[in-house]
Amino acid sequence: MTDDVLEVRGLTKRFGPLTAVDNVSFNVRKGEVLGFLGPNGAGKSTTMKMITGFLSPSAGTAVVKGFDVASDPIAVKSRIGYLPEGAPLYGDMTARALLNFVAEIRGLSKPERKRRIEEVIEQVHLEEVIFRPVETLSKGFKRRVGLAQAILHDPELLILDEPTDGLDPNQKHEVRTLLQKMAPTKAIVISTHILEEVDAVCTRALIIAHGKLLADGTPEELRARSSAPSSLSIRVPVGGAEQIRTKLRALAGVGFVEITGKVAGIAHVTAAPDGNDDILAVVSDLMKRENVSVDQIVAIPGSLDDVFREITQRQAGH
Amino acid sequence: MRNTLIVTKRELGAYFSTPVAYVFLVIFLAAIGAFTFYLGSFFSRSQSDLQPFFTFHPWLYLFLIPAIGMRLWAEERKTGTIELLLTLPVSTFQVVTGKFLAAWLFTLLALVLTFPIWITVNILGDPDNGVVVASYLGSWLMAGAFLSLVACLSALTKNQIIAFVVGAAVSFLFLMAGLDIVLGAFRSWAPDWVVDVVSSLSFLTNFQQISKGVIDLREIVFFVTMIGVFLFANTAIVDLKKSA
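Here the protein sequences line up with chains A and B, keeping their order.
Number 318 marks the last residue of the first sequence (our numbering); no jumps.
Number 1244 marks the last residue of the second sequence (our numbering); no jumps.
I should point out that these hints are in silico values taken from the structure, not numbers from a laboratory.
Where is the CB? At the ideal position from N, CA and C, for every residue including glycine.
The reader is advised that the hints may include incorrect statements.
To be verified - Below, in silico cross-link-like pairs of lysine-lysine (DSSO-like), each with a Cα-Cα straight-line distance of 27 Å or less:
(1) A:Lys-139 <-> B:Lys-1158
(2) B:Lys-1242 <-> A:Lys-65
(3) B:Lys-1158 <-> B:Lys-1009
(4) A:Lys-110 <-> B:Lys-1009
(5) A:Lys-212 <-> B:Lys-1242
(6) B:Lys-1241 <-> B:Lys-1009
Unchecked claim - Residues of chain A clear of chain B, computed beta-carbon distances all greater than 12 Å:
(7) Lys-13
(8) Phe-26
(9) Val-63
(10) Asp-154
(11) Thr-185
(12) Pro-219
(13) Glu-221
(14) Gly-240
(15) Gly-253
(16) Val-263
(17) Ser-284
(18) Leu-286
(19) Asn-291
What the hints assert, rightly or not - Some, not all, of what chain A presents toward chain B, calculated at C-beta under 7 Å:
(20) Phe-54
(21) Leu-55
(22) Ser-56
(23) Ser-78
(24) Tyr-82
(25) Pro-84
(26) Asp-92
(27) Arg-96
(28) Glu-104
Whenever a hint applies, use it, and build me the whole structure from the sequences.
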């Protein structure tokens, strides 16, 4: 018995000649926050629509807590909280009426409905807009109403399509904190193209492009896939910075050198490798040979950004 | 059933949260009044029945029912809320019936609001109220048949204008199916039984039978069957669009 909440098996969606999602498989366990990464049009939303039963797959299926979305869609839907792309909502309803409608359909009893609605209003901070028609709300509030209806029934699986899109930095932070708080008791899948979000909340990330699953791992594992070796940040006294820059530039294997900051007599020199070889050894050799007093050399690992670009563009390139 | 009613409640609320409901009710009541008194010569024919009133129902429905029904699915597709709705734990059929029921109850309200004319005819004369009740029932059933047809067509598009125009056009065909304007298109090539079948699908003929006061189970079964068929077609269309 596994504690898999969601099991996606060979999910495929073809729209005419276009294959939007191509044989995608993965599992999500309780406690995991899975980041679904990919450029726009990669197939993230289409995959989510199939898992939630809004689109029927051309092949493959999704299983939630043992229920197959193809044969038992109602059982699957009742276990999922879903925020569709763009957070579509009934504009003519007030936020409260909308939450009440969703709670009713989800079968919450009357006292439970009242309690849960109060709770989620507090969780996503909707107090001030709760009696206003949804169509009059700002984008940020709409997104939060969408999030509120998704978590209303305390689902085992949360599927959120770009939950922080359109929110300001404070609101983004709040949503991420909320997700982290809920994470231990749920399985959460979020799609995003903001990579910092993956670092902030995800325990695991999938990279998808052109409908194909290209990478699956923890953010650290993915970062380690960066083919670019670490660049170095070197702290030296300001006086010697220019000289060091010239010498570093002359060094074999070093591509890019720049003085990135001078503060309180200390300069930061950043050196990036030219090819695929680690430059830490040659740089520290140089420093010793030249007898430069170095405060600190820090290796900066490849960023998720680089990995993401590499993986998705390699795919596009062929 | 519970889910159906929850959807119905929401949909009814949607009618009244915008001016649509009020505009519709005012136009319907004004138009039916004008038709009854001017075109139907309600007073000058000096008969205490509601024949001139009910005669115009099919023609008003031809335009007003598509106006109520066009938004049922097209609007959900346009705004994307259909994704919210269909990923809630409800079956497609429950949503289809819930939406239909809301619009049908709304037409019932419009019909109920015509009560002053019933009172008027009872004050002025001594009408056969059995015929009046039968006619009201027939009118409501016919409205339901038109409505389920329009709802079904609305599920095909995200454009409400298209839903309205196509809805009105197809409604016209069903309304006139018993008359030469439609039958003529079949007579030249189709066998007689096809012509008979088409002719029997006429909303107009079936409604006229009921409003004569001949409450025959056949006409009631006809309209109820029509509603059922279109609701199933509606469900099938919504489900088919999922795999498109």
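Taken at face value, is the distance from the CA of Lys-1009 (chain B) to the CA of Lys-110 (chain A) at most 27 Å? Judged against 27 Å, a Cα distance of about 16 Å means the pair holds.
Should the label of Lys-13 (chain A) as a non-interface residue stand, given a Cβ cut-off of 12 Å to chain B? violated (9 Å)
How about Leu-55 (chain A): closest beta carbon in chain B under 7 Å, or not? holds (6 Å)
Against chain B, does Asn-291 (chain A) hold up as non-interface, every C-beta pair farther apart than 12 Å? Consistent with the label, Asn-291 (chain A) stays out of reach of chain B, its closest Cβ about 67 Å off (over 12 Å).
Confirm or reject the statement that Val-263 (chain A) sits farther than 12 Å, beta carbon to beta carbon, from all of chain B. holds (50 Å)
Thr-185 (chain A) clear of chain B by more than 12 Å, beta carbon to beta carbon? holds (20 Å)
Reported absence of Gly-253 (chain A) from the contact zone with chain B (all CB gaps over 12 Å): holds (52 Å)
Interface-negative label, Gly-240 (chain A) against chain B, beta-carbon threshold 12 Å: Per Cβ check, Gly-240 (chain A) is outside 12 Å of chain B; nearest 61 Å; holds.
Is it the case that Glu-221 (chain A) keeps its Cβ farther than 12 Å from each residue Cβ in chain B? Holds, because the least Cβ-Cβ distance between Glu-221 (chain A) and chain B comes to about 32 Å, which exceeds 12 Å.
Can Asp-92 (chain A) be said to touch chain B, with a Cβ gap under 7 Å? This interface hint holds because 4 Å falls under the 7 Å limit.
Please check whether the beta-carbon of Phe-26 (chain A) is more than 12 Å away from every beta-carbon in chain B. Holds, because the least Cβ-Cβ distance between Phe-26 (chain A) and chain B comes to about 20 Å, which exceeds 12 Å.
Given the hinted pair Lys-1242 (chain B) and Lys-65 (chain A), is their alpha-carbon gap at most 27 Å? Distance of about 23 Å is within 27 Å: holds.
Hint compliance for this structure: hints 7 and 27 are broken, all remaining hints hold.
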